[in-house]
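Student: Residues per chain are reported as follows:
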Amino acid sequence: MERVPILKIGGVLLVSIQIDLQDQSVLALQEDLAEKICATGAHGVVIDISAVEIVDSFIGRMFATIASISRLFDADTVVVGMRPAVAITLVELGLTLGGVRTALDLERGMKILGQLGRGRDF
Amino acid sequence: MPPRSEGPEEVPISGDDDVVRVRQLVRTYAQQTKLSLVDQTKLVTAASELARNTLIYGGGGFARVEEVSDGRRAGVRASFHDEGPGIPDLTLALADGWSSGSGLGLGLSGARRLVDEFELDTEVGRGTVVTVVKWKR
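Protein chains in written order, with the working numbering: chain A, 52 to 173; chain B, 1417 to 1553.
Here chain A stands alone, though its shape is the one from the complex:
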């Protein structure tokens, strides 16, 4: 099983998914992120899916789960870089990702986290 690396930039954890995710990798990523947020005290998580060709219900649910977990550690999550074909497919699949914050790209995602964490030391 391949693991998705988690990078730390200031108070933000950056996860850029570059592999074809199997379910075990998804579960491992959730656990790794929880550990890492807890260990680093990060205020934000950015999940970059610009290289992800499909998001099915399992992967989609991961975004919501990660957002909920990070919330418990007082961190905000933003999913960035969703491809248009993936967005269209997700909506038709019936997965609206309510509750998951999204941004067009990494730059805007970082900006959103900056605004959410105003007053915090990023």
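Fair warning: there could be bad hints in the mix.
Stated by the list, open to error - If the Cβ cut is set under 10 Å, some of the chain B residues that face chain A in the computed set are: (1) D1432; (2) D1434; (3) V1436; (4) R1439; (5) K1458; (6) V1460; (7) T1461; (8) A1462; (9) R1468; (10) S1525; (11) L1530; (12) D1532.
To be verified - Here are the simulated distance ranges between beta carbons: (13) R1480/B <-> I139/A: 23 to 33 Å; (14) E86/A <-> A1490/B: 45 to 55 Å; (15) C89/A <-> Q1447/B: 21 to 31 Å; (16) G61/A <-> V1484/B: 45 to 55 Å.
Stated by the list, open to error - Which chain A residues stay away from chain B? Per the calculated CB distances, all over 10 Å, these: (17) L58; (18) I60; (19) D74; (20) Q81; (21) D83; (22) A85; (23) T91; (24) I105; (25) V106; (26) P135; (27) A136; (28) A154; (29) L155; (30) G165.
If you are wondering where the hints come from, they were derived from the structure by calculation, not from laboratory data. Don't be surprised by glycine CBs; every beta carbon is placed ideally from N, CA and C.
Position chain B relative to chain A; hints supplied.
Tutor: Here is chain B on its own, set in the frame of chain A:
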């Protein structure tokens, strides 16, 4: 580009890395049939849901993928076969939000919305075959 595939091709589904393999095979066929990017994405996503169902609810099985034609247009057909417990209540299984397992209950109903043709053949105690087709527009 992967080599061009001829005829039906089968992949066993016995672990979750096989779900990834099924996605890749379906994508190869969708690309060589020249489905649009959105249609490729829809078909591969449907295949991912169905392959996971085969693994989790059917106890494993196999997927068969092939290029098809109805004389006017080309398409890709993918079928998912298991010899699991079968689905006792189809109406329920196809309803949004209903799940017998730990899923979101979007697998079958969601996959059905993403394809042009959807056929479900199931018998309690014998197993399930789900067949989907996506046509080139």
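Student: Indicate, hint by hint, whether the structure satisfies it.
Tutor: Okay, the hints, checked on the actual structure:
1. D1432: Hint holds; D1432/B Cβ to chain A Cβ min 4 Å, cut 10 Å.
2. D1434: Since chain A brings a Cβ to about 9 Å from D1434/B, closer than 10 Å, the hint holds.
3. V1436: For V1436/B, the interface hint holds, since the closest Cβ of chain A sits about 5 Å away, which is under 10 Å.
4. R1439: For R1439/B, the interface hint holds, since the closest Cβ of chain A sits about 7 Å away, which is under 10 Å.
5. K1458: At 5 Å from the nearest chain A Cβ, K1458/B passes the 10 Å test, so the hint holds.
6. V1460: 5 Å, holds
7. T1461: With a minimum Cβ separation of about 5 Å from chain A (threshold 10 Å), the hint on T1461/B holds.
8. A1462: At about 8 Å, which falls below the 10 Å cut-off, the nearest Cβ of chain A leaves the hint on A1462/B intact, so it holds.
9. R1468: 7 Å, holds
10. S1525: 7 Å, holds
11. L1530: Because about 6 Å separates L1530/B from the closest Cβ in chain A, which is inside the 10 Å limit, the hint holds.
12. D1532: Because about 13 Å separates D1532/B from the closest Cβ in chain A, which is outside the 10 Å limit, the hint is violated.
13. R1480/B <-> I139/A: 23 to 33 Å: 27 Å, holds
14. E86/A <-> A1490/B: 45 to 55 Å: Since E86/A and A1490/B have Cβ atoms about 48 Å apart, the given range 45 to 55 Å holds.
15. C89/A <-> Q1447/B: 21 to 31 Å: Once the Cβ atoms are compared, 42 Å apart, the range 21 to 31 Å for Q1447/B and C89/A is violated.
16. G61/A <-> V1484/B: 45 to 55 Å: 53 Å, holds
17. L58: 24 Å, holds
18. I60: About 29 Å separates I60/A from the closest Cβ of chain B, which puts it past 10 Å; holds.
19. D74: 4 Å, violated
20. Q81: 14 Å, holds
21. D83: Correct as stated: the minimum Cβ-Cβ distance to chain B is 17 Å, above 10 Å.
22. A85: 19 Å, holds
23. T91: T91/A is indeed farther than 10 Å from all Cβ atoms of chain B, at 29 Å.
24. I105: For I105/A, whose nearest Cβ neighbour in chain B is about 5 Å away, the distance does not exceed 10 Å, so it is violated.
25. V106: 7 Å, violated
26. P135: Violated: least Cβ distance 8 Å, not greater than 10 Å.
27. A136: Answer for A136/A: violated, closest chain B Cβ roughly 4 Å.
28. A154: Per Cβ check, A154/A is outside 10 Å of chain B; nearest 21 Å; holds.
29. L155: 18 Å, holds
30. G165: 32 Å, holds
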